[in-house]
Each structure stands twice: as structure tokens, then as C-alpha cells.
Amino acid sequence: MAAHLSYGRVNLNVLREAVRRELREFLDKCAGSKAIVWDEYLTGPFGLIAQYSLLKEHEVEKMFTLKGSRLPAADVKNIIFFVRPRLELMDIIAENVLSEDKRGPARDFHILFVPRRSLLCEQRLKDLGVLGSFIHREEYSLDLIPFDGDLLSMESEGAFKECYLDSDQTSLYHAAKGLMTLQALYGTIPQIFGKGECARQVANMMIRMKREFTGSQNSIFPVFDNLLLLDRNVDLLTPLATQLTYEGLIDEIYGIQNSYVKLPPEKFAPKKQGDGGKDLPTEAKKLQLNSAEELYAEIRDKNFNAVGSVLSKKAKVISAAFEERHNAKTVGEIKQFVSQLPHMQAARGSLANHTSIAELIKDVTTSEDFFDKLTVEQEFMSGIDTDKVNSYIEDCIAQKHPLIKVLRLVCLQSVCNSGLKQKVLDYYKREILQTYGYEHILTLYNLEKAGLLKPQTGGRNNYPTIRKTLRLWMDDVNEQNPTDISYVYSGYAPLSVRLAQLLSRPGWRSIEEVLRILPGPHFEERQPLPTGLQKKRQPGENRVTLIFFLGGVTFAEIAALRFLSQLEDGGTEYVIATTKLMNGASWIESLMEKPF
Amino acid sequence: FWNKTILSQLYSGYNQPCQKKKKKKKQMLSFGKLCQFIEAAGHEHRPDMQKSLLRAAPFGKCFLDRFPPDSFVRMCQDLRVLNAVRDYHIGIPLTYTQYKQLTIQVLLDRLVLRRLYPLAIQICEYLRLPEVQGVSRILAHWACCKVQQKDLSDEDVARAINQKLGDTPGVSYSDIAARAYGCGRTELAIKLLEYEPRSGEQVPLLLKMKRSKLALSKAIESGDTDLVFTVLLHLKNELNRGDFFMTLQNQPMALSLYRQFCKHQELETLKDLYNQDDNHQELGSFHIRASYAAEERIEGRVAALPKNEFAAKATEDQMRLLRLQRLLEEELGGRFLDLSLHDTVTTLILRGHNKRAEQLARDFRIPDKRLWWLKLMALADLEDWEELEKFSKTTQQI
Numbered sequence: 001m002a003a004h005l006s007y008g009r010v011n012l013n014v015l016r017e018a019v020r021r022e023l024r025e026f027l028d029k030c031a032g033s034k035a036i037v038w039d040e041y042l043t044g045p046f047g048l049i050a051q052y053s054l055l056k057e058h059e060v061e062k063m064f065t066l067k068g069s070r071l072p073a074a075d076v077k078n079i080i081f082f083v084r085p086r087l088e089l090m091d092i093i094a095e096n097v098l099s100e101d102k103r104g105p106a107r108d109f110h111i112l113f114v115p116r117r118s119l120l121c122e123q124r125l126k127d128l129g130v131l132g133s134f135i136h137r138e139e140y141s142l143d144l145i146p147f148d149g150d151l152l153s154m155e156s157e158g159a160f161k162e163c164y165l166d167s168d169q170t171s172l173y174h175a176a177k178g179l180m181t182l183q184a185l186y187g188t189i190p191q192i193f194g195k196g197e198c199a200r201q202v203a204n205m206m207i208r209m210k211r212e213f214t215g216s217q218n219s220i221f222p223v224f225d226n227l228l229l230l231d232r233n234v235d236l237l238t239p240l241a242t243q244l245t246y247e248g249l250i251d252e253i254y255g256i257q258n259s260y261v262k263l264p265p266e267k268f269a270p271k272k273q274g275d276g277g278k279d280l281p282t283e284a285k286k287l288q289l290n291s292a293e294e295l296y297a298e299i300r301d302k303n304f305n306a307v308g309s310v311l312s313k314k315a316k317v318i319s320a321a322f323e324e325r326h327n328a329k330t331v332g333e334i335k336q337f338v339s340q341l342p343h344m345q346a347a348r349g350s351l352a353n354h355t356s357i358a359e360l361i362k363d364v365t366t367s368e369d370f371f372d373k374l375t376v377e378q379e380f381m382s383g384i385d386t387d388k389v390n391s392y393i394e395d396c397i398a399q400k401h402p403l404i405k406v407l408r409l410v411c412l413q414s415v416c417n418s419g420l421k422q423k424v425l426d427y428y429k430r431e432i433l434q435t436y437g438y439e440h441i442l443t444l445y446n447l448e449k450a451g452l453l454k455p456q457t458g459g460r461n462n463y464p465t466i467r468k469t470l471r472l473w474m475d476d477v478n479e480q481n482p483t484d485i486s487y488v489y490s491g492y493a494p495l496s497v498r499l500a501q502l503l504s505r506p507g508w509r510s511i512e513e514v515l516r517i518l519p520g521p522h523f524e525e526r527q528p529l530p531t532g533l534q535k536k537r538q539p540g541e542n543r544v545t546l547i548f549f550l551g552g553v554t555f556a557e558i559a560a561l562r563f564l565s566q567l568e569d570g571g572t573e574y575v576i577a578t579t580k581l582m583n584g585a586s587w588i589e590s591l592m593e594k595p596f
Numbered sequence: 001f002w003n004k005t006i007l008s009q010l011y012s013g014y015n016q017p018c019q020k021k022k023k024k025k026k027q028m029l030s031f032g033k034l035c036q037f038i039e040a041a042g043h044e045h046r047p048d049m050q051k052s053l054l055r056a057a058p059f060g061k062c063f064l065d066r067f068p069p070d071s072f073v074r075m076c077q078d079l080r081v082l083n084a085v086r087d088y089h090i091g092i093p094l095t096y097t098q099y100k101q102l103t104i105q106v107l108l109d110r111l112v113l114r115r116l117y118p119l120a121i122q123i124c125e126y127l128r129l130p131e132v133q134g135v136s137r138i139l140a141h142w143a144c145c146k147v148q149q150k151d152l153s154d155e156d157v158a159r160a161i162n163q164k165l166g167d168t169p170g171v172s173y174s175d176i177a178a179r180a181y182g183c184g185r186t187e188l189a190i191k192l193l194e195y196e197p198r199s200g201e202q203v204p205l206l207l208k209m210k211r212s213k214l215a216l217s218k219a220i221e222s223g224d225t226d227l228v229f230t231v232l233l234h235l236k237n238e239l240n241r242g243d244f245f246m247t248l249q250n251q252p253m254a255l256s257l258y259r260q261f262c263k264h265q266e267l268e269t270l271k272d273l274y275n276q277d278d279n280h281q282e283l284g285s286f287h288i289r290a291s292y293a294a295e296e297r298i299e300g301r302v303a304a305l306p307k308n309e310f311a312a313k314a315t316e317d318q319m320r321l322l323r324l325q326r327l328l329e330e331e332l333g334g335r336f337l338d339l340s341l342h343d344t345v346t347t348l349i350l351r352g353h354n355k356r357a358e359q360l361a362r363d364f365r366i367p368d369k370r371l372w373w374l375k376l377m378a379l380a381d382l383e384d385w386e387e388l389e390k391f392s393k394t395t396q397q398i
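If you read the sequences in order, they're chains A and B. Sequential numbering from 1 applies to the first sequence in full-length UniProt numbering. Sequential numbering from 1 applies to the second sequence in full-length UniProt numbering.
Don't read these hints as lab results, they were simulated from the structure. One or more of the hints may lead you astray.
Across the chosen pairs, the derived CB separations fall in these ranges [stated by the list, open to error]:
id, chain 1, residue 1, chain 2, residue 2, range
1, A, Gly-158, B, Gly-242, 31 to 41 Å
2, B, Arg-110, A, Ser-167, 51 to 61 Å
3, A, Leu-128, B, Ser-172, 43 to 53 Å
4, B, Ser-172, A, Lys-56, 34 to 44 Å
Output of the computed footprint for chain A on chain B, the stretches with three or more beta carbons under 8 Å from beta carbons of chain A [said to hold, decoys possible]:
id, stretch
5, 71-84
6, 227-241
7, 324-330
8, 373-382
What you are looking at is a predicted structure, and each value in this text was computed from that prediction instead of being measured. We put the beta carbon where it would ideally sit given N, CA and C, even for glycine.
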């Protein structure tokens with residue numbers, strides 16, 4: 001079912017099965033036919049855990065989206081609400097319950113809080129007079145969802161804003177709980193490293209939670225050697241730059257949601273003989289993207305410029321394989337060929353899809369505007385002219401290019417300059433407000449609070465020091481056969497991944513100075529293991545590090561970490577966890593305020 | 001008792017070197033009979049009889065191939081326990097049948113009720129009962145009784161309990177603390193709660209004991225924002241506004257959480273909070289948001305932005321623009337309000353009011369380069385090629 005989760009060093013299927021089991025148990029508790037009323041936000045993540053078929057096995061007959069007024073009619077015995085613990089949703093639920101048609105057959109109500117119950121919400125239900133109507137009120141701790149064999153995400157959209165702007169620790173609490181669940185299934189993690197305020201808080205919470213469970217001693221042999229907690233605001237630069245890996249570009253241009261991407265359908269229309277394309281599909285083509293697809297697993301993390309050659313090689317291989325049918329003479333050989341057919345057809349379909357996607361991406365990357373934008377980004381990242389107003393950005397504003405694009409560039413400049421000079425900052429801000437509207441002053445304020453677009457304090461630009469010490473800009477980058485992680489941005493090595501790389505070898509002591517410049521404390525903790533479970537590593541066996549990005553991670557960073565994992569003498573394999581999979585656009589969007 | 005006699009004879013007989021008899025006696029033994037022996041031992045009250053019967057069993061076991069030792073071992077254990085409680089110091093003359101019916105748990109309860117803790121703990125350890133079922137319950141009970149000892153000071157009791165209990169799993173400090181609170185020893189309860197690691201238990205009890213401020217600190221320490229909210233709402237009802245705000249001031253995390261809550265539920269309170277903090281920037285943002293939600297836009301923002309120079313200037317500009325837009329709407333009709341400056345100028349050009357557009361651009365000091373782009377795009381939209389040509393002749397930059 002989810003075979004792609006078992007491929008990696010750590011079998012994440014164990015987690016998925018545990019989570020599915022919990023869901024089944026809850027569904028069985030509410031005996032009889034059921035209808036589920038969904039909090040829309042949850043449908044995406046849930047899709048990665050359980051398909052409708054599983055729900056049907058447990059007598060779920062209908063599914064509705066949560067909205068106000070009365071529930072739609074359904075001939076079921078139970079109504080179950082799957083919701084996040086948010087007050088506004090409680091109001092809607094109360095409305096649903098209270099406007100229940102008394103004349104119809106009585107239905108039992110239940111509520112499943114994801115990921116956690118909330119006293120606050122239950123109080124609200126009580127105040128609205130409906131708390132007693134629920135027979136089963138439970139929580140379903142779905143914190144970390146496995147996306148792929150080495151990737152977990154909480155898909156918590158507001159996490160960055162909550163943690164860094166609103167000082168709301170809720171997502172950190174959920175992250176800590178998610179880590180405790182992981183440790184219950186995969187063993188206590190002996191060493192914890194971290195950098196950043198939020199990292200420190202998560203580590204404290206983990207240690208505290210461990211004390212709360214001193215009863216059940218964990219007797220599972222530890223799978224992970226280390227945990228590295230990283231605050232997003234330690235590396236504000238990376239998400240702002242345009243990603244240049246295949247998967248990264250798909251995300252930048254079309255947006256990948258819960259492993260699915262929606263693409264313009266024209267290129268995917270099946271070629272019919274003689275029709276001439278008059279029946280072009282109008283609905284967007286939806287594709288699932290994960291490592292279960294062989295070809296995708298091969299090309300997803302490559303720099304886009306290296307994808308073309310892989311695809312053409314693959315095309316030759318597949319054609320040759322299909323040509324084999326001419327060589328099959330005996331019945332035995334024909335039989336063998338036929339048995340291979342499904343696999344070959346799947347490979348051919350996969351190749352066709354990705355060739356189309358690559359064409360779509362190429363249309364964008366070969367455009368003049370993309371080239372200009374990339375040039376400016378690379379200038380900033382290599383430290384050129386970061387202290388003056390940039391004319392390309394000015395032109396973009398004057399031509400009213402999408403605001404998010406402008407904001408990304410302006411923030412990139414600010415971060416690469418450790419903040420802009422007041423004059424430059426004010427100029428940009430004025431231009432933006434005059435062109436896009438005064439209401440964006442709130443967004444600008446948020447960006448300043450987040451440290452993305454702020455005035456330079458102290459008059460010093462720290463970025464060159466960081467860049468040089470950590471070797472963030474590599475001039476000679478090989479996109480086809482990369483030797484360093486900087487290939488994911490064609491020259492820029494993601495700061496966060498560099499930190500992870502250096503932690504593994506030779507350790508952070510060698511970069512103490514730079515660490516002090518970067519925001520937040522850095523620390524190391526040990527969690528005691530019961531004797532007998534101490535891990536003895538075989539020579540040549542790699543360490544397994546779980547790296548947790550608090551605030552979001554991009555696909556390019558994931559690609560860079562995967563690159564490190566498969567290095568011959570790397571010494572470490574990575575499993576990546578995060579609060580949200582994101583890109584620069586979705587990140588800035590989460591910080592925007594739209595007053596109307 | 002014929003079995004006993006037979007086996008005793010066997011036993012004694014065995015010590016005689018008589019081979020022929022051995023074979024015959026072997027056939028008389030069977031599985032069932034051996035079980036009966038063991039059971040018989042159970043019913044005996046005198047240790048010496050028990051011993052002799054029991055000794056026969058392993059002896060008989062040698063003749064049988066696969067006699068499971070479990071029943072034997074269990075019987076030995078049970079007998080030891082029974083002998084111990086039958087001892088005149090304890091004085092519980094249980095028969096074996098009674099014991100089996102009561103179950104070990106109930107026996108332990110009885111012992112515990114009689115405060116015979118050491119014996120109870122010994123029995124648990126001997127029988128290897130899992131901690132949660134055995135030792136923890138006993139310790140918890142002991143601790144509950146200890147808190148009722150009025151002659152010891154709070155300090156001593158707390159320390160004594162902690163020493164005995166340590167971090168034994170399954171012992172709920174909060175239960176013991178609740179008991180202490182029930183006896184009226186609130187201070188002791190608080191000291192005991194210090195040892196309770198589960199904040200989910202700690203905090204509600206602290207609230208019950210009216211130690212709300214302490215509850216707040218503990219909740220914040222745990223990082224569980226839901227818990228913090230619960231305490232906050234409790235505090236809100238308990239304290240008057242001034243005290244409540246003062247408490248929030250001392251706990252920055254609680255303050256930010258409360259702000260979040262107010263954003264969704266009680267906007268007015270939010271304003272008061274910002275006022276109290278002298279947080280002008282936030283106050284400014286608040287007013288801006290409010291002004292977009294309200295009808296009269298302009299006046300609402302006046303009070304807002306003293307500190308931040310840029311924002312103040314921008315707001316002034318915006319107010320000017322809004323006034324102008326209103327005038328334009330009245331004069332020319334159509335929608336102007338809330339458009340950005342750029343869009344306003346563009347709209348004017350699109351509708352042929354070039355002079356006004358220029359005037360506006362000059363008033364707000366739009367830089368030349370941007371203005372040219374704006375004009376270019378607008379004229380292209382209009383497909384006013386003549387004007388465009390005229391315009392391009394006058395500029396060289398683009």
C-alpha cells in the first residue's frame with residue numbers, strides 16, 4: 001500500500017500503520033453506519049494516511065465538509081466530526097448539532113480532535129450547550145505524517161508565523177509530542193543537537209515529557225543516532241531563493257500539495273489519431289509525486305539542467321525494451337515479454353508525464369524574466385551590490401509584477417545584507433505601498449518582525465563572514481554530476497544543510513564564531529538509554545540523523561540532504577522532518593495580512 | 001488420605017533397596033495423583049505437613065516425564081504467603097480456599113488497610129507482581145496515610161514521601177497531594193505537587209487550591225498552550241482587570257497567547273493591552289486593520305502611529321490619497337477608493353484624464369522611471385497608439 005515508505009534506512013511504514021490502527025480503533029468505537037464531517041484543512045494530510053477504502057471498511061458511508069447551519073440528510077447512525085481544536089470550528093459544530101432535525105431518526109454525535117483535545121474548545125462547546133450531545137470525544141494524535149521513505153511533515157501552515165511572530169508555542173508542543181511518538185516506535189534518540197530558540201524549547205519539552213512517562217521503559221533498540229533541531233530563522237535566506245531542482249521547480253511554479261500537483265492539462269491530452277485535439281481536457285491534470293515512481297525518484301533531486309539527459313537516456317532504454325518483442329521467438333520468450341509489459345507500460349507512461357512536465361518547466365526557465373530574476377538572486381547571494389536599490393526590482397514594481405515575487409527579492413537582498421540601510425528600505429517600502437496599495441503596510445510590518453525585511457542595526461553586514469566561513473557560494477558548480485550541495489541552487493549551498501553537514505563532520509566546534517552570529521542558542525543534550533540498548537555501530541555503517549526544521553523546509557534543502565546521505569564517505573544518513581513543506585512563495589504568503 | 005499414606009510409604013519404601021517394588025509403585029503414580037498431592041499440601045495448615053507433602057512432589061516428578069513445574073512453584077509461593085499471614089503477629093487465619101477466592105489483590109488491600117506496609121511490599125516483590133499493580137499502590141496508600149500525620153511538619157512529610165517514592169512509576173503525586181489538600185494541608189499539597197511531572201494533573205489541582213498564579217507558571221513551563229489558556233480564562237474570572245493585566249505583564253508567554261485569543265474573540269481588549277504596553281507599532285497595526293473593517297476609514301488611523309516615522313508618513317499619504325479618491329469618485333463616478341496610488345493613476349489615464357493623472361503623480365512624487373512604465377502599460381492597454389508614439393518620442397529611458 002505504501003511501499004515507498006519502507007525503502008529508506010528507517011521504515012516509516014511502522015509509523016503509518018500505527019496511526020492507521022488508531023484511526024480504525026476509533027471508528028470501531030462508534031458502532032454502526034457513520035458519516036464523517038470534515039474540517040477541510042485535514043482532508044489533505046489524512047489522504048496520506050488512509051484512503052476512502054479504509055474508511056468504507058469501517059462503515060463510513062458518507063463524507064461532508066464542515067460548514068454552518070444544518071447538516072445534510074444522511075441515513076446513518078453516527079455523525080463524527082473530524083476537526084482541529086479551534087474555537088471558530090466549535091461554533092460551527094454547535095450550529096450543526098443544534099439545528100438537527102428532531103423529526104428525523106436520532107443520530108449519535110462524536111467528535112475527534114486532531115491532533116489534540118483542547119480544554120478551551122470543550123469549554124466553548126459546554127458554553128454553547130452542546131457538550132453533552134457527544135458520546136465519544138477523543139483525540140487523534142496525528143502529528144508527523146510520513147510523506148516518503150525519509151520525509152515527515154506536520155503540515156502545520158501557520159507554524160512559522162505562530163512561533164516567530166506571535167510567540168505561540170503550540171506547534172512546538174505538537175512537534176515535541178510528535179517526536180515522543182517517534183521515540184515510542186523507533187527508540188529513544190540518544191543525542192539531541194539544536195540551534196535556535198524554538199529548538200531549545202522543543203528539546204526542553206521533550207525532556208520534560210520523558211519524565212512524565214518514566215513508567216513505561218522503552219525497550220526498543222534505537223534506530224536514530226541523533227536528532228538535530230533547527231529553527232527556520234537560523235537560515236532565512238534559503239527559502240527566498242528560487243529552487244533549481246526538478247521537484248523544487250515543480251513546487252515553485254505549480255505548487256505541490258500533500259504529494260499531489262495540479263498541472264495544466266493541454267500537454268497531457270492523449271494523442272488520438274485524427275482528432276486534432278478538439279477534445280482538450282479542461283480540468284487540471286492531477287499527478288501524485290513520490291518515490292514509488294521509479295523515474296521520479298531518480299530525477300526529483302537533480303538540478304533541472306541535468307534532467308533532460310536522463311529523460312532522453314530513459315527514452316532510449318524504454319524503446320529498446322519495447323523493440324525486444326521482435327526478438328521474442330519462442331513461446332517462452334513471448335510469455336516473458338508479456339509479463340514485463342505492465343512494468344514497461346508504466347515506465348513509458350511515467351516518462352511521458354515527466355517529459356511533459358519538463359517541457360512546461362522549460363518554458364518558464366528559458367524565459368527572459370526568469371533569467372533576469374535568477375541573475376539578481378545570484379548577485380545578492382554572492383554578495384554583489386546588496387546595499388543599493390536594485391534596478392531590476394524597481395522595474396518589477398513599476399510593471400506591477402506579482403507582489404510575492406517582489407517581496408521575495410527585496411527580502412533576499414535584506415537578508416544578504418544583514419538588513420537594509422534605512423534610506424533603501426524606506427524607498428522600497430514606499431514604492432511597494434504606492435504601487436500595490438497601502439494595506440500591505442501590515443505585511444511589511446510582519447516581514448520586519450520576522451527579520452526578513454528590516455533596517456540594518458549596528459551598521460555591520462555579517463553575511464559575508466557567514467558566507468565565506470561556511471562556503472555558501474561556490475563558483476565552480478557541476479550541475480550534471482554534483483560534488484557539493486550547492487548544485488541545488490546552482491551555486492548557493494543552503495545554509496541550513498551546510499550546518500547539518502558540518503555538525504556531522506567535523507562538528508560545530510569548528511564554526512563557533514559563525515554560530516554566535518546566527519540567531520538563537522546552540523546546544524547539545526543526551527538522553528540516557530537503558531544499558532543493553534547502547535548502539536554499537538559496525539565499521540562503515542552510517543549514523544542516522546533525524547533533522548527537524550522548525551518553521552518549514554524546501555524541496556531543494558531536502559534534495560541537498562539526500563545528496564549528503566548517499567555520499568560515499570558521508571558517514572550520515574538523514575531523515576527529514578518539518579512543520580511544513582514550503583517554498584518561498586507559500587512562506588511569504590503565510591506572512592501576508594489581508595485586511596479585506 | 002490414602003494418597004498420602006501410599007506416597008509416604010513409597011518414599012520410605014524407596015529408601016529400601018528393593019528393585020521389584022519400585023516398578024510396581026511407578027505404575028501407581030499418575031499425573032492427576034501428583035496434582036492432588038500438591039493441592040493437599042495447600043490445604044494443610046501446619047508447615048511441617050506442607051513440607052512433607054511438597055517434598056513428595058518433586059520426588060514423584062522424577063517418574064513422570066512431562067509434569068509442568070508451574071503448579072508446584074505457585075503452590076510453594078502461595079504457601080509461603082499464607083504462612084506469613086497466618087503468623088500470630090499478623091493474625092489472618094486464611095484457608096487456602098479463602099485465599100484463592102479473595103485473590104492476592106484483596107489480600108494486599110487488607111494488609112494495607114492494616115498498615116502492614118513492609119509485609120505487603122515484600123509479598124509483592126516475592127510474587128514479582130508488576131510495579132503498577134503491586135508496589136505503587138501500596139506506596140500510594142502509605143503516602144496518603146502519611147499526609148494525615150499531623151504531628152510532622154509539611155517539609156518533613158514531603159521529603160519522607162519523596163524519599164520513599166522517588167520516581168516510582170504508577171504513583172500519582174497528584175492523588176497524594178489531593179488527599180493532603182483534603183486534610184487541609186494545602187502547603188504540603190503544593191510541595192508534593194512539585195514532584196508531579198505530569199502538568200495535566202498538576203495544574204487543575206493547583207487551580208482548585210486557588211493557587212492560580214502558580215498554576216500559570218507551571219502551565220507555561222510545560223509548553224502546553226491549551227493548559228495555559230485554561231488557566232488564563234480561570235484567572236480572568238478570578239481577578240479584576242487591573243490585576244489580571246498585571247499578572248500577564250509578568251509572564252510574556254501568557255501575554256502573547258492571550259493576545260492571540262483576543263485577536264479572534266475580543267478585539268477591544270486587544271487594544272487595551274497594546275495601550276497598556278505602550279506598544280505603538282502594534283496599536284498602529286490594530287487601527288489599520290480596524291479601519292479597513294469599519295466604514296469611516298480616515299479618522300480611525302489618525303491616533304495610531306507616532307513613533308515609526310516611515311509608517312507615519314505613509315499613513316498621512318494614504319489619508320491624503322483617500323480624500324482625493326473620494327473627491328474623484330464624486331466628480332467622475334466609478335470606483336477609486338482603496339485602489340493603490342499606482343492603480344489610481346492608471347485608472348485616470350485609462351479614462352482619458354491625463355492631466356489629472358499627471359497632477360496626482362506630481363503630488364505624490366512618483367519617480368519618473370516608474371511613471372513612464374505606468375504610462376506605457378496604461379497606454380498599451382488603451383491601445384492608444386498615437387499617444388504612445390507621442391509619449392515614446394519624449395522619453396528615452398525605457
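Evaluation of the provided hints:
In this structure the supplied range 31 to 41 Å holds for A:Gly-158 paired with B:Gly-242, their Cβ-Cβ distance being about 32 Å. Here the CB-CB span from B:Arg-110 to A:Ser-167 is close to 55 Å, well matched to the stated 51 to 61 Å. The supplied range of 43 to 53 Å is broken by A:Leu-128 and B:Ser-172, whose beta-carbon atoms lie about 33 Å from each other. At about 42 Å, the CB distance of B:Ser-172 to A:Lys-56 agrees with the hint of 34 to 44 Å.
With a threshold of 8 Å between beta carbons, the proposed coverage of the stretch 71-84 of chain B by chain A is violated, since 0 of its residues qualify and at least three are required. Counting residues of the stretch 227-241 of chain B whose C-beta lies closer than 8 Å to any C-beta of chain A gives 4; at least three are required, and the coverage claim holds. Given a C-beta distance limit of less than 8 Å, the hint that chain A covers the stretch 324-330 of chain B is violated, as 0 residues qualify and 3 are needed. Residues of the stretch 373-382 of chain B with a Cβ under 8 Å from some Cβ of chain A number 3, which satisfies the need for three, so the listed coverage holds.
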